[in-house]
Structure formats: C-alpha cells, structure tokens
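**Student:** If you want the building blocks of each chain, they are given just below.
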Amino acid sequence: MSSNAMASQFVEVETWTWLETLHGWLTTVDHKRLGTLYVVYGLFFLVIAGVEATIIRIQLMYPHNHFVSPQVFNRMFTMHGTTMIFFVAIPILFGFANYLVPLMIGARDMAFPRLNAFSFWLTALGGFLLYFSFLGGSGLYGAGNAPDIGWWAYAPLTSRAFSPGHSSDYWTIALLVAGFGSIATAINLIATIVCMRCPGMKLSRMPLLAWLNLIMAGMAILAISPLTAAQIMLLIDRYLGGHFFDTQAGGSATLWMHFFWIFGHPEVYVLVIPAFAFASEIIPVFSRKPIFGYPVMVGATVCIGFVSLSVWAHHMFTIGMNSYANSFFAITTMVVGVPTGIKIFNWLGTMWGGRIQFKAPMLFCTAFLFQFLIAGLTGIMLGSAPFNWQLSGSYFVVAHFHYVIVGGILFALFGAFYYWYPKVTGRMLSERLGKWHFWLFVIGFHVTFDVMHFPGLLGMPRRIYTYEPGRGWDTMNLIVTYGAFIQGISILIFVYNLIISYWKGAEAGNDPWDAWTLEWSTTSPPPAYNFASIPVVASRRPLWDLKHPEDPDSRYD
Amino acid sequence: MRRVDNSISLHAIQIIVLLILSVSAALAAETAAPSTGLENIFAPESTPAKSIFDLSIFVLSITGIIFVVVFTLLVYSLAKFHATPANADKEPAQVYGSTQIELAWTIIPILIVVVLFLATARVIHTVQDAPEPPSAVEVTAIGHQFWWEFRYPKLGIVTANELHIPVSDPAHPTPTFLKLLSADTDHSFWVPQLAGKTDLIPNHPNSMWMDPHRVGVFLGQCAQYCGTQHAKMLLRVSVDTPQDFDAWVRSQQQPVIQDQQAIAGKHIFETTACINCHAIGGTVANGRFGPDLTHLMSRSTIASGAAENTTDNLRLWIKTPDAIKPGSLMPAMQLSDADLDSLVRYMETLR
Amino acid sequence: MSAIATPFPEVPRAWTLPYRGSVAMASLIIAESAIFTIFVVAYLFYAGKSLSGPTPSEVLETPIFFTICLLSSSLTIHLAAKFLERRKQGAFLALWLLTIVLGGLFMFGTGQEWHRMIYERGVTISTNLFGTTYYSLVGLHAFHVTVGLIMLCIVAIFGLAGRVGAEQSRRIDVLSLYWHFVDVVWVVVFTVVYIVGR
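Chains as they are written, first to last, in the working numbering: chain A, 1 to 557; chain B, 1 to 351; chain C, 1 to 198.
It is worth saying that the hints were derived from the structure and are not from the lab.
Mixed in with the good hints there might be a few duds.
[To be verified] Taking beta-carbon pairs under 8 Å as the criterion, some of the chain A residues facing chain C (in silico):
no., residue
1, V68
2, I190
3, C195
4, P199
5, G200
6, P226
7, L240
8, H243
9, F244
Even for Gly, the Cβ is constructed at its ideal location relative to N, Cα and C.
Bound-form chain A, shown alone (with noise of 0.2 Å):
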C-alpha cells in the first residue's frame, strides 16, 4: 500500500493506485459500494436490453420488413425480457435497497455483507452467463445461440425436442444461479430491518422505504423459489430424462405455466414495491407535506403482498381452465386493485394541501402517479376473464406490462436517481439536463405505448417477427418505432447527465433537498461506517424534528 506524507505533519493522506482501488470494489462488502456495483451494472443492462428492444423496433417498422430473422428476432424479444427483469431491474432495484436501506435505520451495514457481496456476485455471475449464451455452444443443426424461448420458457417448446442445443439451458442456469442471489439478498434485507434498526426506530416509526423493501423481501422469498424448483424440473427433464413436463410421458405442459406465474406475478410486484418506496419518500418531501396516511399505506402493500400471491393464472386465462378456476382468479386479479388504488389516492392526499415544487425528482414521481394509474386501469380490463379471452396474447397486455414497468417503475426510479444522486456522490445531476430527460422521455413513452395499445385491439399477437400489410397495424407499428429513438436519445441524455455531473454537478451539500430520514442526517457521500455515532429517533421524520423543534413528530408519535 503506497501511502506519500503530504505537507501537513498531522494527517498523513493514502493515495491508492488503481490496482487497489479495482481490488477494493472487487472485495468490498460495504452496502454503499455493493448497492453503486449492483446499480451500475443494471444500468449497463439497461442499455443492452434497450439495444435489443431498438431492434425489434426496427423489424416491426414495416410489414414483411426483413431487418432480422425470425431467428434473430424471437432471440432478441426472449433476451430483451429476461434481461430487463433480471438483470436491470432487480440489480438497480435491489442495489438502491442495499444502499439506502441500512442508512435510513441509522444501521452502519446490513446484517451479512459477506454473504451481500456474495449475491451481487451470483448476480453479475447470473448475467454473464445469459449472455454467455450468444457465444455458447451449438447442438444439432448449429443450434447454439441465444434463447429464443420467450421469457417465460413455457413448455414443451424448451423440452429437448423443441429446443435442441444448449440455448435454453443458459437462460435456466443463469436464472438460477442469478435466483439465488436475489433470494440471499432478500434474507439480508430481512434481517437488516428487524434486526439492525437504532434505537427508538420502533416498526412504526421506521421510513416507508425500509417497510416496503421488507415486504418486497417477503415475498421475494416467497415467490423466486418456485421458479427455482421449476428450473430444477426442467432441468431433470432435459438432462436425465425426467417427465415433468413431458407431455408424450403424461407429463403437463400447464403445470410449468402455474409453476411460473406463481413466480412471475408476485415477481412483478416485487419489482413495483420498491417504486411505490421511491414515491413515498420523494413525493412527500417535494410537497413539504408527510405521507398521508402511513399506517394504511404500509396495510395497504401488506394487503397487495399477500393477494398478489393468489393472482397467478390470470396470465392464464386462455388455457382452458374451468369457469370456476377463472372467476376466482378474476375477483382476486380485480381485489388486488383496491389497495393500489389506496396508495395512489394517499399520494394524491399527500399533495392535497402542499406546496409542491417540480425538480426533477418530482416530474418524475408526477409522471408515475398518471401513468401507474392508467396502467392500474389496463390491468383491471385484463383481470376480466372475457376480456382478456380477446386482449391477451396480444400488444394490448405489452403496452400494458410496459406502461407498469417504464411508465411507473422506471419513470420512480428516475425520479429515484435524481433524488438519491447527491447523497451517493455528493454532486447534483444538472436540472436542466433532468428536464431534457424528463420531457423526451414523457413524449418518447407515450407516443410508443400509449399506440401500442390499439394494434392489440386490431387483433396484433406478442412475438411476432412480421405481420401481414393491411390489417391496420402498419402505421401504428410504425409511430411505436419512433416513439422508442425518442426514448433511446432520452435515455442516452441520462447516461451523460449521470457521467459528466460526478465531476461538474454542484456541490450538493448533507441535505439538498430538505429531507427528513435519517440518511439525509450524514455526509454526502456518507463515510465508510455511516454515522459517526448511532441516531436515536423519537419519531418518523427525525430531521423534521431537528429543524422545527417547535412542532416535531415526536409530540404526535
């Protein structure tokens, strides 16, 4: 370890090289460091995953437009998915989890950060691997290559009859062993929060991210392992000769479908939980108003943990299953809606009465509210059995799980970067290049999904990689193809924005933003261990305690 004296006799400062620097976030177990690795590398994902969107895009232009392959594009449209759940939005989420999380309970890490460095690196192991496959090994007929099983690998198409060569196999393992990351981070997160909270922060005093990244982990816990014995099936099944979906051997093609949705639905709202985190803590401070209504809105995704365990097959409404089966599944699709509504009606009574100010951070928890609720909206026609009978299957349920992902959870994860951005590096990202962002964004997203709702209506199946002239679909193809350029160029804007404003943002100072957690409390960027000294907390806005002593928290809490 080099270290040079500087002039001063009191303070000897290490300089590393960078060799040792590299060793140092390859080795770290600190959160801050594992959440900044898992973020980076979501969003270097974010880019590749959004090339291979880019591309499906292009061949959807035009009718018989031959761009790609069939072969190609059904790779392009299965990477696409698994990329973007997997490994951009579980790493970005999971990484602002294992950052903030420990920060907010005035904790100096999270309960295990071995075994959370241990996860990050099955993560990244997880997407090295996937990609792997483009390179990987051919099997018969050159059958190497990308999976292009769809993203929900149903069966008997990744049986080894439909899907010879080893591509489906690398989707199945990285999936593994990337599941098993998240679930250890999902344990750690867990006992981060019952275990490592500083005194005073009683459950009900403890900030609405930590509660609901607790809840996101319950049900992580809950919902990855079927997947995981799902791939352990299918694995059997391709490698020794097992039946479980070998439908020649009485084996059940239906059974993975409930074996993944079991995974699948939950999943989606492992990854809109901490989105809804996002908006509660940044919509309050920007409009200097707190949470309206916090108990319920912990009650409320309490709720929507546990019913979202019991709406799987509405994904599959259309295989056969008996009236009964549907309608059950229709009213729990349609009950899971009432708490989400909550939530959206206590962030509107969080504004009701404010004096809402519109940085960043806030257009974009803005943009989230109108178009959570129409996706909210989309999802109730879905959850209507008849309905869905014509509507899935087609671009109407992609506009719909799109407008879910990019125009709530991406559009709260922006605001999310903006708002969290100073604190991590201690710069401001530049405003101007926030509202340049925002607004190509805004346009670049409606122009491509709220359209991409009506080809659906026309009868446009998912997964196809043309479509015959006439059917009323050209144009409208061809406006989501540029609604997405304008959301790339937007894209390519926030990418700068994060670069250049590390080493030209404004200093941001312990609390730019007037905030009331605990992490706002500590250096930008904190110091190694957090707090020089554990906080005690007497209520939920500890700082709004501080700074308005003459009516704090604590006197109502």
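Guided by the hints, dock chains B and C onto chain A, whose structure is given.
**Tutor:** Showing chains B and C alone in chain A's frame:
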C-alpha cells in the same frame, strides 16, 4: 436556493396530456369504426365475441370514469398546490391522514370491484359453459408447428389452415364447436371477430365455440408463441351460407380427382419424401406431419396463409420453403426443374 | 464529522432486537419451504398419472427405522443445544455426534432404498412420472440433509478442538433450527410419498 419555475412545467404537462388523450381518442375511434373490419375485437360477429364486447364496454366505462375522476383530482392538486414565490418559504399544514377519507376510498373501490366481478363472472359462465346443441358442427383443430389441422369427425373431412363453417341463424342456431388439441407445442386459436382465444396445449384438450352471424371471411392467427414461424401461422375462417357450406362439405368428402395429365407428377409425389409428411386420399401417401393435400386447390392460401395459392408460389414453396417461411418444418425438396413442374401440375389437380 | 448531537426527548432504555442469525435462518426456511411445496405439488398432481411402469405400491417399502433415526436426531440436537447453553460441553459434544450418526444412518437408508429401487425394481428418474417425482422430491430432501450434515460435521470438528462454548449458543440454535426444518420436511415427504401417494 429555491427557484420556483413550475408554472410553465405545469401548463406543459396539461397540454401534453390533453394532446395524448385526443390522439388516443382518435385512434380509439378508428378502432371502433367497422371500416378496418378485419380483426377488430370491437366488431364482433358471433355470440361469444359479442358477449365479450358488451362486457368490455361496461368495463371500459367504469375504468374510464375512474380515470377521469382521479386524473382530474391529480391535475387539480398539481395546479392548486404548487409552490409559488409567495408561499415557498412556509411549510404547509402537516396533515398525517384522515380515517374517514381512507374508509371512503376503500369502500367505494370495493363496491366497484364487486360490480365488475359479477358482470365478469356472468359472461365467463355463459361463454364457457354453453351447452352444445345437436345441430352444432363439430371440428377438431390440431395445432402443429406452424400450421392448423382441421378435422370434421362426423363428416369425414380432413383439411388444413382454412376453416369453413356455416353461418348461424339466431332463430335456428348452427354453432360450430371446436375441440382444440396440439401435436407439439402450445398454440392459440384467435379469430377476434368470432371469439376470444383459446389455447391448444398438448395433453390438455380444450374446447371453444362460435356462431357467426354474418357470411364472410374472418382472419386470425396463432396467439401463443410456438417457435420460429409463430408469426406466419395464420388462420382463415370462411363463414358460408348453409348451401355453400354443404357444397364445400360435399366437395371435401369426394375422393381425389384422378387427372391422367398429371400422372407424372403423381408418380414423383408418391416416390419421394413427400409421402412421409403429407396425405392425399386415394394414394399411398398418408403422412400426418404436414397438411393433408387431397383438396389443396380448394384453399386460397398455402403455408398457413403465408402466401397466395398460385402456381409460382406453389413452385417456390416446394423448391425453397425458406423463401416464404424461413424456419418452417417443410424441407427444400431438391427436385430438378422438370420434376418440380410436373409435381406442381399434379398439385394443381387436387381440387 | 457527520454526527448531529441530537437532544431527543427519550432514549429507549431497553432496545433489543431479535438475533439476526435466527431471523435469517427463519427467512431461509420460508424460501426453502416454498421450493419443497412446489415439488410436493408436482408429486401429488402426478400421483396415479404415470402412463406405464411400476406404481408406488409395487416398489415402495416404508422406511420406518430410518425415519425414526432422523426424527430422533431432532431430539438429540435439541438436547445438545440445551446442554451447551448450560455449559455442559461434554454432553453437548456427545449428543451432537449422535445427531450426526443418526443423520448419517438416514442417508445410508435412503441410499440403500434407491439402490434397491434402481437395480432390483428398475425404477429410475426417467422411468415414468412416479420415478421422476419420487427421486426429485426425496433427492431434494436428501440434498438438504447432506448440506446439514456437512454443517454439523464442521461444528463437530470445532467442538472436538474445544472451540465451541456457551458463547456460540445462538449460532448453534440457528443450525439446530435448520436441522429441525429438515426433519419437518421429511415428515411431509414421508406422508406424501409413503402414505398419501401410494
């Protein structure tokens, strides 16, 4: 530093949202108009599709009202409660919540859910549990990678890709009941104007029904990703008058026409690998992997709708299937040009 | 540099939160229960649906002795943990080793049964639906027993070296919780395979 520059942003938000709504409304209007006709779920021509349509209008109305109410409240709150230079430095009243308001906006959505669910459950039952009348036409649809096999068990007909069914008079209904099977992976039968889609899953027989109210041709396609050429597994349903349907049935039941001019082509067919996959009545060919070709020329398209049924396309399909449908399971047949011509001439006798 | 001296009205006198090891193990057990549930569901769903090959009643022999071994190992590990708390190192070690022996016996029994089923009855994982679901479910459980045994052996090595004392009680409790979980899963698997599914 608290520059408050949100009034422009706010108005911009409002304008953009209004623009989007009007564009969406225009597109919705175009969707609703029967002019596009082809596969519009809002232009039902059969009872199941109509029941779904009626329910969908109900659902859309309710969700539309919810949207308008919440949207208005959101826009209002953004407009009324934004920070201005005048009030920027004072914190507003720190309200923690309100039990009555929470109760209100819990109970009202629950009631809405109950209403929506009851309407939904009724349609689920009427469509799924409809009994099959004795006058129904029975079809067994078997999904293949990447084509449709249609059998009419009571009529002794086997055909592919293009379905003929009779129009159904509401006074004396003659619906068509389909049994859905699969020979390989999952598929889904979707002809939007006639019914919601139902999947074809191996080892999991399904059933669906439709009773078209109007004569015509209705298009659809496979709606469950089934492999490389999922995109070109198209469907063509010809709804015929009762007389035309009977005529079609009779022509399909007829044995294959033996045309002496095409004996050379028939010989080529029977002595090459064609017979491994295809069947033609009255010949040694009884392969089941590919479509039955006995009445090939009664169909207006080939390769499950991927190309018009013309001489050139037939020739191209047999010579280089990848030119029409790359990744389909029909192999290039490696025939000489002379053999190919004979074969195509033979194919064209299969009326 | 970052601390804010905060004059708060109350500092809670007793602020003890649960032990993070136990919470983490409980969460792991929940996750593992979900995996086992899926395998059990598959077993039950496919019960009686094999198209060919031997049926369970033709080939299964109920492993009563080895089940008793495994279930009593829960008792021995519980007692071992209690003795450790009371600083009775010798008793702890004896019971701990007995637990390993009982677990090892169970694994031996499983191996013996599999050997018989494969070589005498011709049932493998690829024979039919019963074969697939049986070997996966029992195999998954056996895998978890193996992992548990490895952990128990590591503790035994430390224990024999005199390094496990009452200060490690909490950690021993965490491992013992895992072992109890493995036993409970066996009760479920045993019921499903040898009683319900036969």
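**Student:** If a hint holds in the structure, say so; if it does not, say that too.
**Tutor:** Results for each hint:
1. V68: 36 Å, violated
2. I190: Since chain C brings a Cβ to about 5 Å from I190/A, closer than 8 Å, the hint holds.
3. C195: 4 Å, holds
4. P199: 4 Å, holds
5. G200: This hint holds: G200/A lies near chain C, its Cβ roughly 6 Å from the closest one there, short of 8 Å.
6. P226: 5 Å, holds
7. L240: 5 Å, holds
8. H243: 5 Å, holds
9. F244: Check passed: Cβ of F244/A comes within 6 Å of chain C, closer than 8 Å.
In the structure shown, a violation is registered for the earlier hint numbered 1 alone.
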